[in-house]
Amino acid sequence: MMALPGGRHLDSIPLPGQRLHLMQVDSVQRWMEDLKLMTECECMCVLQAKPISLEEDAQGDLILAGGPSPGDPLQLLLKRGWVISTELRRIGQKLAQDRWARVHSMSSRNSSQEMGQVEKLLMEKCSELSAVTERCLQVENEHVLKSMKACVSETLSTLGQHFGHLLELALTREVQALVRKIDASDNIYTTESTTGNLFSLTQEGAPLCRIIAKEGGVVALFKVCRQDNFRCLYPQALRTLASICCVEEGVHQLEKVDGVLCLADILTDDSHSEATRAEAAAVVAQVTSPHLPFTQHLSSFLESMEEIVTALVKLCQEASSGEVFLLASAALANITFFDTMACEMLLQLNAIRVLLEACRDKQRVDTPYTRDQIVTILANMSVLEQCASDIVQENGVQLIMGMLSEKPRSGTPAEVAACERVQQKAAVTLARLSRDPDVAREAVRLSCMSRLIELCRSPSERNSSDAVLVACLAALRRLAGVCPEGLQDSDFQQLVQPRLVDSFLLCSNMEESFV
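If you want the working numbering, it's the 1-based position in the sequence shown plus 39.
Honestly, the hints are just simulated from the structure, not real lab data.
Careful: at least some of the hints might be erroneous.
[As the list claims (entries may be wrong)] Straight-line distance between alpha carbons at most 20 angstroms, and here's what the computed PhoX-like set of lysine-lysine pairs gives:
| # | residue 1 | residue 2 |
| --- | --- | --- |
| 1 | Lys295 | Lys262 |
| 2 | Lys220 | Lys253 |
| 3 | Lys401 | Lys446 |
| 4 | Lys295 | Lys253 |
| 5 | Lys353 | Lys295 |
| 6 | Lys262 | Lys220 |
Using the sequences provided together with the hints, build the complete structure.
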């Protein structure tokens with residue numbers, strides 16, 4: 040389903056990274072931290088009484104600071120790894136441009152300043168790279184240079200692979216230490232600090248999440264979530280688990296330790312805080328994401344699905360904030376993709392009433408990301424016949440009509456994309472529900488056909504989205520089959536009568552002046 044700006048890797052939320060927890064990454068702060076490891080090229084040259092390079096791109100080269108920086112050794116390792124990887128990439132760029140002088144100076148600098156702490160193999164490759172590029176400076180024959188260029192490229196590639204492997208081993212060792220510390224600790228402050236460090240690592244991307252999962256991070260975190268004396272740490276541990284489970288290894292480890300059962304116990308236990316249950320919902324949303332193919336084989340989830348769905352509906356109903364509602368509804372939305380039985384369970388739990396009531400509550404539903412989850416659930420439930428009558432009783436057609444007019448407030452790409460999804464799914468829901476004549480007549484009465492025509496004919500109304508266009512054409516044709524008198528002749532001839540693909544091509548090439 041999604042990731043909110045800078046967030047988790049959850050279905051249809053801009054995460055990203057992945058999280059639903061509305062966490063923003065401060066790019067300025069990250070830049071300032073990176074500066075501890077870098078200085079400007081000119082400053083280093085002046086301090087060392089060396090001539091400043093005349094090449095215009097010299098200013099962009101990265102130089103590592105002389106001494107080690109204080110702080111978390113794991114973060115320092117990541118930053119140094121990033122600097123070296125950047126330098127290797129830049130050497131490759133200079134090689135592609137036949138900038139032999141720059142290739143030699145950069146490769147020599149790397150071997151002397153940074154590679155002194157690595158294995159003998161890396162040292163040998165660095166020396167080999169420096170020697171080859173030095174010979175290249177003396178060669179003028181283009182044929183010879185071309186053959187030497189291939190040799191340098193191969194050496195550079197091997198060097199990068201060895202360095203990547205070395206960095207992975209170093210990170211693995213650090214992660215192992217963190218996991219052992221969590222596993223052995225009975226001190227709440229030590230566990231809190233170490234879990235926080237582990238969470239920070241998960242934000243560095245999928246490769247680190249895989250390392251954490253392989254080294255027992257999931258097992259250790261669920262151990263925390265099963266100890267009453269660590270209850271105040273449950274939200275933090277669950278947040279970390281949700282991040283780790285963006286990779287296949289994390290989900291497999293979760294299943295091995297009966298993680299789904301633990302999540303069900305937390306969600307159904309009202310003695311837990313709302314924050315704890317919300318973070319448990321986030322883990323459920325992650326491990327049931329339809330965008331992750333490996334989650335579809337989570338067999339243990341089916342055994343606890345009814346308990347989890349019931350608890351999530353209750354959490355939606357009682358949510359005290361928009362974020363809690365978002366996490367719970369995102370989990371429900373993903374579960375409706377995970378298994379068709381979930382839709383029948385939601386129908387029996389009066390979930391339609393709960394969701395539509397929430398739509399009228401700005402405290403719980405105030406962003407397109409949340410409406411995206413709601414309309415996803417409604418679209419998947421609308422395949423059930425009884426769903427139509429429940430939606431009509433709750434005045435749901437009018438709310439769906441409103442979702443066809445979803446507009447972004449900020450104009451950010453993530454929010455614009457969320458609005459497109461809301462419009463598309465609202466049209467899909469309307470098309471499915473309009474099998475019922477009562478729903479179709481209610482939709483026509485509310486001028487849904489006019490709005491659908493506007494979305495088809497005006498690219499700006501749908502942000503030029505082809506997905507929204509197809510869904511609106513399908514909904515319009517379904518309504519026209521019930522109430523053809525609601526269409527003008529031109530609309531019928533262009534949007535309903537032709538083949539769907541012909542109407543699509545007409546509308547997708549339509550200029551604003553046609554509106």
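Here is how each hint holds up against the structure:
{"no.": "1", "hint": "Lys295 / Lys262", "result": "holds, 13 angstroms"}
{"no.": "2", "hint": "Lys220 / Lys253", "result": "holds, 16 angstroms"}
{"no.": "3", "hint": "Lys401 / Lys446", "result": "holds, 16 angstroms"}
{"no.": "4", "hint": "Lys295 / Lys253", "result": "holds, 12 angstroms"}
{"no.": "5", "hint": "Lys353 / Lys295", "result": "violated, 28 angstroms"}
{"no.": "6", "hint": "Lys262 / Lys220", "result": "holds, 12 angstroms"}
In summary, the structure is inconsistent with hint 5 from the numbered list given earlier, while agreeing with all the others.
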